[in-house]
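**Q** Produce the entire structure from the sequences given, and follow the hints as far as they go.
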Amino acid sequence: GNSVTQMEGPVTLSEEAFLTINCTYTATGYPSLFWYVQYPGEGLQLLLKATKADDKGSNKGFEATYRKETTSFHLEKGSVQVSDSAVYFCALRDSGYALNFGKGTSLLVTP
Amino acid sequence: DAGVIQSPRHEVTEMGQEVTLRCKPISGHDYLFWYRQTMMRGLELLIYFNNNVPIDDSGMPEDRFSAKMPNASFSTLKIQPSEPRDSAVYFCASSNQESEQFFGPGTRLTVL
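Chains A and B, in that order, give the protein sequences.
Those letters in the first sequence? Residues 43 to 153, per our numbering, in order.
Those letters in the second sequence? Residues 574 to 685, per our numbering, in order.
Below are the EDC-like pairs computed for lysine to aspartate or glutamate, each with C-alpha atoms no more than 16 Å apart in a straight line:
#	chain 1	residue 1	chain 2	residue 2
1	A	K145	B	E617
2	A	K91	B	E671
3	A	K94	A	D136
4	A	K91	A	E105
5	A	K102	A	E118
6	A	K110	A	D97
7	A	K145	A	E50
8	A	K91	B	E673
9	A	K94	A	E111
None of these hints come from the bench; they were simulated from the model.
**A** Following this line, the structure appears as structure tokens:
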């Protein structure tokens with residue numbers, strides 16, 4: 043079956059540090075891959091996505107590249123801000139329309 | 574558009590009581606999803622609908638849970654009877670065939 047594995051959190055960084063959150067997946071087909079972000083007390087919002095191998099999704103300074111050979115979709119940002127503090131979820135969508143989510147990685151950015 | 578609307582935002586109830594969670598999807602979206610979020614299990618898909626018809630309910634934990642979508646603008650998730658282990662945040666999301674899923678703000682359920 044399909045599954046997503048994310049690095050355990052919480053991740054604590056100083057402002058302007060480099061961020062990487064690892065995500066690997068298992069899928070039977072050729073899934074689309076997503077990163078969602080959840081700010082405290084809110085629902086999830088789509089951050090970026092990639093629909094095929096070697097695609098790079100990007101938004102708000104965040105990037106992730108769909109790597110079929112390593113079944114990975116790692117999230118990166120060159121310089122984090124305090125406002126990036128949130129929980130980040132990696133997800134995949136295979137042949138259906140439902141999403142399989144990882145367990146989420148909590149990020150805390152300190153001034 | 575107001576986005577996905579869920580009510581109530583918070584619900585506290587006692588074990589054995591019936592709980593009904595409500596969702597209004599974004600107008601024009603024909604897919605609706607119910608998720609449950611807990612610390613232990615993360616985000617789990619419970620059920621999803623297409624054009625008001627349940628497509629996959631394999632994530633519904635047991636018969637105490639039921640979901641309906643009587644029309645394109647309204648869905649309910651009911652738990653009867655509720656138990657403390659049902660305490661979680663329940664999210665509703667909607668989409669159409671081409672779009673991302675848009676999530677509501679969630680309902681935080683506490684069963685005492």
